[in-house]
Amino acid sequence: MNLELALPPWTACLSALRLDRWMMGELEPADAETVRVHVTACAGCSTALAGMRGVREELRSLPLPLALLSRRASWRPRAAWGTLGLAMAAGLLLVLRPAVHTERSKGAAPALAMYVQHGDGVRRAGPGEEVAPGDAVRFAVSTPVHAYVAVLSLDPAGRAFVYFPEGEQAAPVAPGVEVALPLGTRLDATLGEERLLALFCTSPVTLEPVRLQLESTAGTAPLPEGCQGVRWSFVKR
Amino acid sequence: MILDAAGIAALYRSHGHVVLRRARGLLGSEADAQEVLQEIFTALVKAPDAVRSVGSMVGWLYQATTHHCLNHLRRARTSARVLQLHVGPATPSAGGSRGEAASEVRRLLALLPDDVATAVVYHHLDGMSHAEVAELLGCSRRQVGYLLERAQGLWNRAEQSA
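Protein chains in written order, with this note's numbering: chain A, 1302 to 1538; chain B, 321 to 482.
Read the hints as simulated data drawn from the structure, not as lab findings. Note that the structure is a prediction, hence the values are computed from the model and not measured. In this text, a Cβ means the ideal position worked out from N, Cα and C, and glycines have one as well. Check the hints yourself; a few may be wrong.
Between beta-carbon pairs, the in silico distance windows are [to be verified]:
hint, chain 1, residue 1, chain 2, residue 2, range
1, A, Ala-1458, B, Gly-375, 46 to 54 Å
2, A, Glu-1494, B, Arg-462, 46 to 54 Å
3, B, Cys-459, A, Gly-1527, 56 to 64 Å
Could you put together the complete structure from these sequences and hints?
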């Protein structure tokens, strides 16, 4: 087999280095404009760029590593999740909107990860990731404490449903990093943005009221008492 | 450029994704990629003048990431781990022949001379042209072609002996 075929392919026509340099403002203005024009018109490069931006957003939402954090006087350590934060949160594909302060309680950083199987390939999904009808997805969660977990979704048609668990209440999950949830699903043909809400609760909350509220509030439903939430979305095209 | 602690933290926020994304692709392991990310920025905290004369921060991070990842692959512990490449909980067998081949390539990378392995990573994994690889390696394009030919030859031999 050719070596090139054995490696994960780089599918964009511009190299990762060039796209990274462009993203980080390192190119000369004329060169940057060339890349900008190209990326706008090139599906392969714009897809690659979206993936790169996804990782950037993912990383920015994570706590700093302890080695950096302890040297910043102005930084407030996030309690016990400190060093573990980064390692754990690596699994985060799905990054939350940090602006929603009520979504998290102090010191805890539950996380949701999603794996997507498209054809023969499996990849980790990033925020805003494009997926396709028929793709199989499966979730994994990270939680620093025992939690009752559920994953709900609001599809592009405004219908809310529960990905996990099958039962009526959030299911217990032991502390761990990227604990795979036992249920996977295959995406239907409804195109558009699908919004996810992962709940990490202190008690086995009943999910039907949450689902209904998600539907009636177009995805902005407040979290049930005693729950932390992780919200993000992917796009089906 | 000399970075203080706050500058390194800012660099982590602004550029850390470059390291994380490439380490994931190169190592095929989330845990190892995280470790490399930590290693690189922790090392920078200890020796901030490492980037004193750097022209391109992205380029420097590419070099640092590749170097740390190759070291990672060379460690027996990590090499053993990548043999059981984790491709995600949804479909453990979905990696198929490409997943197995990727593991083989990682094993080969661990055995290759550093410049050959680095050229392979830049060209095949990052999609760089020979000119871009040459720029990062500080060599000629001709030398890049030679390194890639050598890598292909070693790969062919490894396949024949498997």
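Handout entry: Range agreement (Cβ of A:Gly-1527 with Cβ of B:Cys-459, hint 56 to 64 Å)
Key = Since B:Cys-459 and A:Gly-1527 have Cβ atoms about 60 Å apart, the given range 56 to 64 Å holds.
Problem - Verdict for A:Glu-1494, B:Arg-462 (Cβ pair) under range 46 to 54 Å - result: The hint (46 to 54 Å, Cβ to Cβ) holds, given that A:Glu-1494 and B:Arg-462 are roughly 49 Å apart.
Problem - B:Gly-375 and A:Ala-1458 - C-beta distance against the hinted 46 to 54 Å - result: Distance hint for A:Ala-1458, B:Gly-375 holds at roughly 51 Å.
Checked against the numbered hints listed earlier, the structure breaks none of them; every hint is satisfied.
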